[in-house]
Amino acid sequence: MLTVTISLKNPVDENLFGSAPYNTYISRKLGNGEVIEVHFPGYRPTKFASKRQFGSNHDDTDKSTDKFYQTEDNLPWAMIIPQVWEHPKEKVDLSLDYPEILDWASSRGKSKKDWYKP
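Position 6, counted from 1, in the sequence shown is what full-length UniProt numbering calls 6; the numbers after and before it change by one each time, with no gaps.
These are computed hints drawn from the structure, not numbers from a lab. A hint or two may mislead.
To be verified - Simulated pairs of lysine-lysine, PhoX-like, Cα-Cα distance not exceeding 20 angstroms: (1) Lys51 with Lys29; (2) Lys47 with Lys29; (3) Lys89 with Lys117; (4) Lys29 with Lys9; (5) Lys51 with Lys63; (6) Lys67 with Lys110; (7) Lys47 with Lys67; (8) Lys51 with Lys67.
To be verified - Pair by pair, the computed Cβ-Cβ distance ranges are: (9) His58 with Pro82: 24 to 32 angstroms; (10) Asp59 with Leu8: 20 to 28 angstroms; (11) Gly18 with Asp73: 29 to 37 angstroms; (12) Asn57 with Pro11: 40 to 48 angstroms; (13) Pro11 with Glu72: 38 to 46 angstroms; (14) Pro11 with Leu102: 40 to 48 angstroms; (15) Phe17 with Ser95: 16 to 24 angstroms; (16) Leu102 with Val38: 29 to 37 angstroms; (17) Ser64 with Lys9: 41 to 49 angstroms.
Only a predicted model underlies this, so the values are computations on that prediction, with no experimental measurement involved. By construction, the Cβ of each residue, glycine as well, lies at the ideal position given by its N, Cα and C atoms.
All chains, please: the whole structure from these sequences, using the hints.
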């Protein structure tokens, strides 16, 4: 589990932030200046993100339906898991250890909501 604490010199009214989850994302700037971003599903990229990543490899972005950062099977590039969980090996298909993630993804999160539990 990762906990981040940010201390501000001048406090900000927490009501300005709205309700979680937020459009938290990670980004990486490539040597050619392109910025690759990974957001939670459904969140739009920032104006700085390279558009070249969309539609490549397994990405199934469709701006007209606000589908971002998901595969054709609706598997997300990033997700919120509300507890500690056993992460499988890197670069190994997650569905091999957690087969219910496929039903969760195809239902857009409506079924198998606890797919990550042992």
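Each hint, compared with the structure:
1. Lys51 with Lys29: holds, 13 angstroms
2. Lys47 with Lys29: Since the Cα atoms of Lys47 and Lys29 sit roughly 14 angstroms apart, the hinted pair holds (cutoff 20 angstroms).
3. Lys89 with Lys117: Holds, at roughly 17 angstroms.
4. Lys29 with Lys9: Violated - the C-alpha atoms of Lys9 and Lys29 are around 29 angstroms apart, more than 20 angstroms.
5. Lys51 with Lys63: Cα-Cα ~11 angstroms, so holds.
6. Lys67 with Lys110: Answer holds: Lys67 to Lys110 is near 16 angstroms, not above 20 angstroms.
7. Lys47 with Lys67: Holds, at roughly 16 angstroms.
8. Lys51 with Lys67: This hinted pair holds, its Cα atoms lying about 14 angstroms apart.
9. His58 with Pro82: 24 to 32 angstroms: holds, 25 angstroms
10. Asp59 with Leu8: 20 to 28 angstroms: Given a distance of about 36 angstroms, which is not inside 20 to 28 angstroms, the answer is violated.
11. Gly18 with Asp73: 29 to 37 angstroms: holds, 30 angstroms
12. Asn57 with Pro11: 40 to 48 angstroms: holds, 43 angstroms
13. Pro11 with Glu72: 38 to 46 angstroms: Roughly 44 angstroms apart at Cβ, these two residues keep to the hinted range, so it holds.
14. Pro11 with Leu102: 40 to 48 angstroms: Holds, since Pro11 and Leu102 (Cβ atoms, about 44 angstroms apart) stay within the stated range.
15. Phe17 with Ser95: 16 to 24 angstroms: The hint (16 to 24 angstroms, Cβ to Cβ) is violated, given that Phe17 and Ser95 are roughly 34 angstroms apart.
16. Leu102 with Val38: 29 to 37 angstroms: This hint is violated: roughly 21 angstroms between Cβ atoms.
17. Ser64 with Lys9: 41 to 49 angstroms: Because 43 angstroms falls inside the window, the suggested range holds.
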